[in-house]
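There are 2 protein chains.
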Amino acid sequence: MDFSIRAANLDDCKDIARMIMELAEYEKVSDHVKVTQKDLEQDGFSKNPFFHGIIAEVPEQHKTKEGYTEIGYALYFYAYSSWSGRAIYMEDLYVMPEFRGKGVGKALMSKVAQLALAAGCHQLNFTVLNWNKPSMDFYLSQGCFDVTGTMGYHCMRCEGEALEHLAQL
Amino acid sequence: MDFSIRAANLDDCKDIARMIMELAEYEKVSDHVKVTQKDLEQDGFSKNPFFHGIIAEVPEQHKTKEGYTEIGYALYFYAYSSWSGRAIYMEDLYVMPEFRGKGVGKALMSKVAQLALAAGCHQLNFTVLNWNKPSMDFYLSQGCFDVTGTMGYHCMRCEGEALEHLAQL
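So the protein sequences, as listed, match chains A and B. Numbering of the first sequence is given in UniProt numbering, commencing with residue 1 and proceeding in unit increments. Numbering of the second sequence is given in UniProt numbering, commencing with residue 1 and proceeding in unit increments.
Simulated from the structure, these hints should not be mistaken for lab results.
Simulated crosslink set (DSS-like; lysine-lysine; CA at most 30 Å straight-line):
no.: 1; chain 1: B; residue 1: K133; chain 2: B; residue 2: K28
no.: 2; chain 1: A; residue 1: K47; chain 2: B; residue 2: K47
no.: 3; chain 1: B; residue 1: K111; chain 2: A; residue 2: K47
no.: 4; chain 1: B; residue 1: K38; chain 2: A; residue 2: K111
no.: 5; chain 1: B; residue 1: K38; chain 2: A; residue 2: K47
no.: 6; chain 1: B; residue 1: K111; chain 2: A; residue 2: K34
no.: 7; chain 1: A; residue 1: K111; chain 2: A; residue 2: K65
no.: 8; chain 1: A; residue 1: K111; chain 2: B; residue 2: K34
no.: 9; chain 1: A; residue 1: K38; chain 2: B; residue 2: K47
no.: 10; chain 1: A; residue 1: K38; chain 2: B; residue 2: K111
no.: 11; chain 1: B; residue 1: K47; chain 2: A; residue 2: K111
Generate coordinates for the entire structure from the input sequences, incorporating the hints supplied.
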């Protein structure tokens, strides 16, 4: 299938917001999504951005019946490991259902890996939901490993009132 | 106990490198540490740093028998959640054993929470090793929750030859 991967720009935020919601619906947690198109514009495309994005795009003749040519995306940001140094964290990797199985996800992830190596990063980190077997199988087939399983890492979070309270100690 | 928390600077990299190794020894994985003082200087204190740090310091009269006044640290970097937006990731939180139980870890984590809120972040994310019950209990007592347990998040990683291979697809 004919598609291209390119860096996301400000005009992509509407499509990224749409696909973030599609991914959350797939993950059955669309009520968790608070991020809007405007947030993405401010947080990703002003000075000192909080994230970067790449877009998978098909030519006009392959657009969806709703008229979309932007059919996948990945968001990432630079991170750090105090053991191995520079790292990239891939926050999302998404391909619209009708375009899956054609190498789009692999091409997006490959681009993130290229960006990681170009920046001197030694790790690409991300999370996957334990019930999402198709994604887990894809990642394992690409040589990724489950740090929760092999080394006992648990993801922890502080947010909302707990975060406010912690800041006031 | 008398101590202060302040932003880390270039001159702290030697002490941060020392404490990264102490933390890794506590976690029984000191052979995993590849990061050197020079890496920390380059990666944390040049333009577009990959991380930021804060230091816990005691006055001269409370220095350790080895002469250290820098007795704890936290490393963090800005991150992003496609659901809730701006976030901070706390890579490390460490206090030297002889200074534990005196509120230093809580003060370091509180400072990270303050920095998070000041930057408009909604989440403070980090990982903990599943056998590290004292740390897990501390985090839970501060209102943090285990995203691996409650939502099934697994930490995944691609590195080394797998990362090189992925970049060449």
